[in-house]
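Participant: Fit chains B and C to the supplied structure of chain A, relying on the hints for placement.
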Amino acid sequence: MKKFSIILITLFVLVLLSIGGAQEKPKITIWAWDPNFNIPIMQEAAQRYKKINPNVDFDIVSMAKADVEQKLNTVLASGVKTNLPEIVLIEDYNAQKYLTSYPGAFADLTNHFNYKEFAPYKVQLMTVKGRVYGVPFDSGVTGWFYRRDYFKQAGLDPAKLQNITWEKFIEIGRTLKQKTGKYMISGDPFDGGLMRILLHSAGSWYFDKDGNITISNNEVLKEAVKLYKTLRDSGISKEVSGWNEWVASFNSGEVASVITGVWIIGSIKAAKDQSGKWGVLPIPRLNVPGAVNASNLGGSSWYVLQNSRYRDVAIDFLKQIYAKDVDFYQKILIERGAVGTWLPAQRGSAYTAADPFFGNQKVFTYFSTWMKKVPAINFGLYTYEADAAIMGVMPDVYNGKLTIDEALKKAEEQLKNTIGK
Amino acid sequence: MKITYKRYLDLWGWLFVIFALFLLTLFLLYPIFYSLYLSTFTTRGIVQTFVGFGNYLRLIKDSNFILALKNTLIILIIQVPIMLFLALILAVILNNQKIKFNGFFRTAIFLPAVTSLVAYTVLFKMMFTTDGLINRFLISLGLISKPIPWLLDPFWAKVTLIFALTWRWTGYNMIFYLAGLQNIPTEIYEAAEIDGANKSVQFFKITIPLLKPIIIFTSIMSTIGTLQLFDEPMNLAAGVVTGSSVGPGNSLLTPSVYIYNICFKYAPNFGYASAVSYILVLIVAILSFIQLRTVGERE
Amino acid sequence: MKRLKTSTIFTYLFLIIVSFISLFPFIWMIIGTTNKSVDILRGKFTFGNNLLENFQNLLASYNLGKILINSLKISLIVTVGALLISSLAAYGFEIYASNIREKIYSIILGTLMIPFAALMVPLFKLMTSFNLIDSHWGVILPMLSSVFLIFFFRQNFKMYPKEIIMAARVDGANELQIFFSIVFPSMRSAYATGAIWAFMNSWNSYLWPLVILQSEEKKTMTLLISTLASGYTPDFGVIMTAVVIATLPMIIVFFTLQNYFIQSILGSMKQ
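Protein chains in written order, with the working numbering: chain A, 1 to 421; chain B, 1 to 299; chain C, 1 to 271.
Isolated chain A, as found in the complex (with noise of 0.2 Å):
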């Protein structure tokens, strides 16, 4: 009896400890990508508001960015109201797309977060009918990344380079072909990353901002295609196919230059030998007006599922970190060369460092200039669909088979079939 009465009691206390502890911490879940960008730059957010609120756990998912996309839109376009994570990542290319596709779905911060203190064209990728969904997060800010020792070889003077067309680009391009023997650029001929620069750049997408189709009488589209041709005529570009062939073709420096967004920066470093012999200029403006020496290429932003439990403390994490932290900016930048969008960071010491890498150039502050002069668009929701479009339509244009203005007619018509108007 002495004993049966004993197992009771442990069990009932076991009871009253599991009941007891209903009252539960709140646990953040978070969905992203990149195991070397995005997961570790959340983590160390995590770590830094478990010091002002240590009653908060976190479950930071780490999976492939199409991933993300795929359980995102399964998991809202089933409805269903439970196990949904706090946070989300989202390309700002895709914004739009969720936010409208999904009406309801995504947290209203409008009245959290000050957003001025953003960067405005990420706060306008995630506003809709004036309310702001998101929290901005890396900024996607282009540069021009070249290689000292090369242009000094072709003798070419980096401080008369700062505000040059993409013609002049591919003229020093063949100068230094000749000199040195190196790919002015590398790209891959399919890839629409360079397109998207180029649009950007000029204040132009495939949609106008009623989101109208813009492809066939897009004179800036025109040029961009103009320029890929002329890219792969001209024999200066290295054609990789790829993202692993078209990073080792600058770690092995086969290249002078590299254009493309900020975050390119920590696959740059990775030849430490290079070291010193990198440094950052303006991208190449393209001749049309209205055309600056500044754009974007990706960057994604923070979303709270409206839904989901701990939504609340969700929204207060980031309040505190990504809306005040100044030196989680800095850190973030310093190790993994995260550029943030939230403007006050942009007064900390890692933003006005000199990086010996890039021949103690102080890097960031001019991508923090460029980043302002970036011109806001609205992406739409469907630049995943242009893109394709008109990249099917490349090789025919390569070959000479259809004139650039025919070859956009058909990808104006392939774009129509895939979004259905």
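Any given hint could turn out to be false.
So the derived list for chain B, only partly shown, Cβ under 8 Å to chain C, looks like this [unchecked claim]:
hint	residue
1	Y34
2	W167
3	G171
4	I175
Quick caveat, the hints were computed from the structure, so don't treat them as lab data.
None of the values given here were measured: they were computed from a predicted structure.
C-beta atoms are modelled at their ideal positions from N, C-alpha and C, and glycine is treated no differently.
Facilitator: Just chains B and C, lined up with the frame of chain A:
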């Protein structure tokens, strides 16, 4: 209560199939009917508009879908027969107990089928670059003078895909043939040998006819697999900065990848995606039916 | 007395070439596990000494043991379950053929042609209502009734001499006995093949586990590899290590089972 023997057997029939049927109805039939229903809507996320047959009509004029079908049919006509024939030959060779290191060869040839998709597509992408292993090898053998732009050209990208598919799935089909060959008694071959039939006559007059059910099986499964081709095009074309088209000029676009893109990469239109799926089903059904009929599966 | 026929030489040559082509990527992967990521990308084809470091990096960020067990658990349950359920069903369809069941069979076969992407959303909704999200059973259940296996087994049962079954019935055996004591033992190669297929299919499955599983601790190996391979600067040394570890169980399963191909139906009948 007396029941006929026929009825008794019939009941047993139901007993054997009932558990599978239950699971299938739940996890297969319900989703199918639901998505069929969904195909009558055009959706964007959870915003739905009824269109009835609209999706199907749109499909007929959809140049992306037509391109995807064309790509797939090219692969079907070229890659599948080569692969199945190769698998059959290998199975016949390795079925012979007299071959030394039998087990090793079988395992080696089967290995590609279990190699991680991510790993081998990464490797293939590396080997088939302009100055990659394959080009260097071919140039050193003097077979080509200029490097082939494998993944930078619509035609060659397809060739790379065909290589990848054959590499991956030949061993897989070989296994099925090996299993089937086990059911052919050796006495038949011995008798044929005595009658004076040589190896190739034996192959065509004995092996192939007796293996018919398995050959049909692999043929239909390969047809279905090719029309549903997803993994390889998806991964071979992936890993770019922005992931624009599926292969140079969308040369690697297949219907399944298109469906996937419609659901998860583009503005999510599950309704339209469902419609595309069902047209695909129709096409596969027709092709399978043709195959069954021409080889005469009727009992 | 050894006669080396030219046909034999060619046969072996053919086998060696095909095996080499098949094995090459795997050899490259094993070499890759010992190298640094940058070297792998540069095309290094010799062994390095980075194996330990790669392994440590892998373990540092991920609970490899748990993930392996997750994959094993799912694959083993699915293999055994699917083999049983599917072969029983195939037997029912083939040996007890009836008009109704033929029609059902055709419909079921038809479902093979439906791309999975179309079914994901409704299936996901279904799983939510059963509260099976983020659970391994949510992954397992839809895989237990495999139309592919039913088709495969039925084709194999078609090749089975029905006279044996008739004879057994005359001898007084009941249907279940016939299946388990007579038919099943002589279909070893079919079951071995089926087991390989079922294990491989569930071990490598990607889309469905991706959608159903949410938390880190429930992940499977394929999801892990996908995560590792994404990102701006993938560490190929770590990826190769994970991949080789992920491929090993499959090789073990295959190598063990492929011995069963040696057994022929005639061999087991002679007993």
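Participant: Evaluate each hint against the coordinates.
Facilitator: Do the hints match the structure? See the list:
no.: 1; hint: Y34; result: 4 Å, holds
no.: 2; hint: W167; result: 7 Å, holds
no.: 3; hint: G171; result: 6 Å, holds
no.: 4; hint: I175; result: 6 Å, holds
Violated hints: none; the structure is consistent with every hint.
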